[in-house]
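Residue numbers (the numbering used here): 29 to 440.
Because the hints were derived from the structure by calculation, they are not lab data.
Treat the numbers as computed from the prediction; the structure is a model and nothing was measured.
Among these hints, one or two may not hold up.
What the hints assert, rightly or not - Computed spacing ranges between beta-carbons, pair by pair:
1. 168 with 79: 37 to 43 angstroms
2. 184 with 369: 57 to 63 angstroms
3. 371 with 429: 53 to 59 angstroms
4. 168 with 58: 27 to 33 angstroms
5. 333 with 267: 53 to 59 angstroms
6. 366 with 166: 50 to 56 angstroms
7. 294 with 325: 41 to 47 angstroms
8. 122 with 184: 37 to 43 angstroms
From the three backbone atoms N, C-alpha and C, an ideal C-beta is built for every residue, glycine too.
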Amino acid sequence: MAILVMIIFSVIKPVEAQVVGIAAVVNDEIVSAYDVKLRQDIILSSAGIKPTKEARRRNRAQVLRALINEKLQLQEAKRLNISVSSSEIERAKRQIESQNKLQAGTFSNFMRERGLPEAAVIAQLRSEIVWNTVLRRKLNPKIQISDEEIAEVLARYNKAQGLQERQIAEIFLPVDTPKQEAEVANTTRRLIAQMKKGAPFTAIARQFSQSNTARNGGVVGWILEGQLAPELETALSGMKPGTFTKPIRTAEGYYILFLRELRRVGVADPMTAEVTLKQIALPLVKDASGEALQKQMQKANSYAATLKGCDDIDRIAKEIKTPGSGNVGTLKIGELPSKFRDIVSQLQIGQASTPVRTDQGLHVLMVCKRVEAPTYRPTTQIVAQSLGEQRLGMMARRYMRDLRRTAVIDLR
Numbered sequence: 029m030a031i032l033v034m035i036i037f038s039v040i041k042p043v044e045a046q047v048v049g050i051a052a053v054v055n056d057e058i059v060s061a062y063d064v065k066l067r068q069d070i071i072l073s074s075a076g077i078k079p080t081k082e083a084r085r086r087n088r089a090q091v092l093r094a095l096i097n098e099k100l101q102l103q104e105a106k107r108l109n110i111s112v113s114s115s116e117i118e119r120a121k122r123q124i125e126s127q128n129k130l131q132a133g134t135f136s137n138f139m140r141e142r143g144l145p146e147a148a149v150i151a152q153l154r155s156e157i158v159w160n161t162v163l164r165r166k167l168n169p170k171i172q173i174s175d176e177e178i179a180e181v182l183a184r185y186n187k188a189q190g191l192q193e194r195q196i197a198e199i200f201l202p203v204d205t206p207k208q209e210a211e212v213a214n215t216t217r218r219l220i221a222q223m224k225k226g227a228p229f230t231a232i233a234r235q236f237s238q239s240n241t242a243r244n245g246g247v248v249g250w251i252l253e254g255q256l257a258p259e260l261e262t263a264l265s266g267m268k269p270g271t272f273t274k275p276i277r278t279a280e281g282y283y284i285l286f287l288r289e290l291r292r293v294g295v296a297d298p299m300t301a302e303v304t305l306k307q308i309a310l311p312l313v314k315d316a317s318g319e320a321l322q323k324q325m326q327k328a329n330s331y332a333a334t335l336k337g338c339d340d341i342d343r344i345a346k347e348i349k350t351p352g353s354g355n356v357g358t359l360k361i362g363e364l365p366s367k368f369r370d371i372v373s374q375l376q377i378g379q380a381s382t383p384v385r386t387d388q389g390l391h392v393l394m395v396c397k398r399v400e401a402p403t404y405r406p407t408t409q410i411v412a413q414s415l416g417e418q419r420l421g422m423m424a425r426r427y428m429r430d431l432r433r434t435a436v437i438d439l440r
């Protein structure tokens, strides 16, 4: 749910005096200054930003823009005779409870305890649900993905052995007219500044992005290298997972991209291979040296030289009864402590490692079973879904652009 998959557990002070006045008029319907303040409360909380006067001043323009867009979406839904039922709102509440690990039925208490304006949260939920319904009814029937398109993508993957595939998220802010250029550019810079201070990319994307992916925290999915617009590809080149780009100007507006993960087509990620491990663990104090270290190292080397298989580990573990000796369990190589990963990756089944020193002591490791990581190849269904989502996103952006262009909007 785009509203708050993650609500930052910060408390906003109670409203001491309602903000009065009109912020904008959208086709004869009002967006009040109080509406703006309530939405700011939600956004600042979800982004982990203190609700200072300066913070409110800085994000007022983008908050007002979002509220104007939602007003247009609600008006379009009304024109199409589309409404939101109480059961849909309740399902959305339950989803927020689940995503925030809350007990069922505690949504209102959660809002109240955190000082979040429940009515404003529900209003945002309502506009989100109704717009998704509009898109589903109006645009989905127009999306046709041909077998030829799917075959073309699959063929591209077959030729892309070893190329990078990136899992990305996006924030998109459209620029519909030249007059909006400076405002939108400044907004993207402010969003970048907030994220550099620690605001989560997903929270910012949910609240500010005008892309159809906003409801998922901006997550686009896995994109093959070379499939994005050249300016986006250039921005992503050389990036490391966990980082985001500077604002990127395209023909439609501004993008900020976040690189979540990388993988290579047709190449298994060794860190996702599963191994069943056993070990002989010999305890040592953290700063052990001299005779104590030498004595334990001799024991460890002796075990490493004589162990012939996992049964030997079990036998010796029973004899020496040291903490940690015996079965370690089954886990992915990437989940192992960094000191163990490279060593375990190179071990054959039943082969003992050389002793590994940690703060706890010395470890002789052995792989008893290995399940290699699968190589990824997209299925026909996955390709069709991905193409459909891309097309829906493009059509949704055009839909909103047309609504904005034909609307009468008076900013106060």
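Hints and how they fare:
no. : hint                             : in the structure
1   : 168 with 79: 37 to 43 angstroms  : holds, 39 angstroms
2   : 184 with 369: 57 to 63 angstroms : violated, 33 angstroms
3   : 371 with 429: 53 to 59 angstroms : holds, 56 angstroms
4   : 168 with 58: 27 to 33 angstroms  : holds, 32 angstroms
5   : 333 with 267: 53 to 59 angstroms : violated, 45 angstroms
6   : 366 with 166: 50 to 56 angstroms : holds, 51 angstroms
7   : 294 with 325: 41 to 47 angstroms : holds, 43 angstroms
8   : 122 with 184: 37 to 43 angstroms : holds, 40 angstroms
Checked against the numbered hints above, the structure violates hints 2, 5; every other hint is satisfied.
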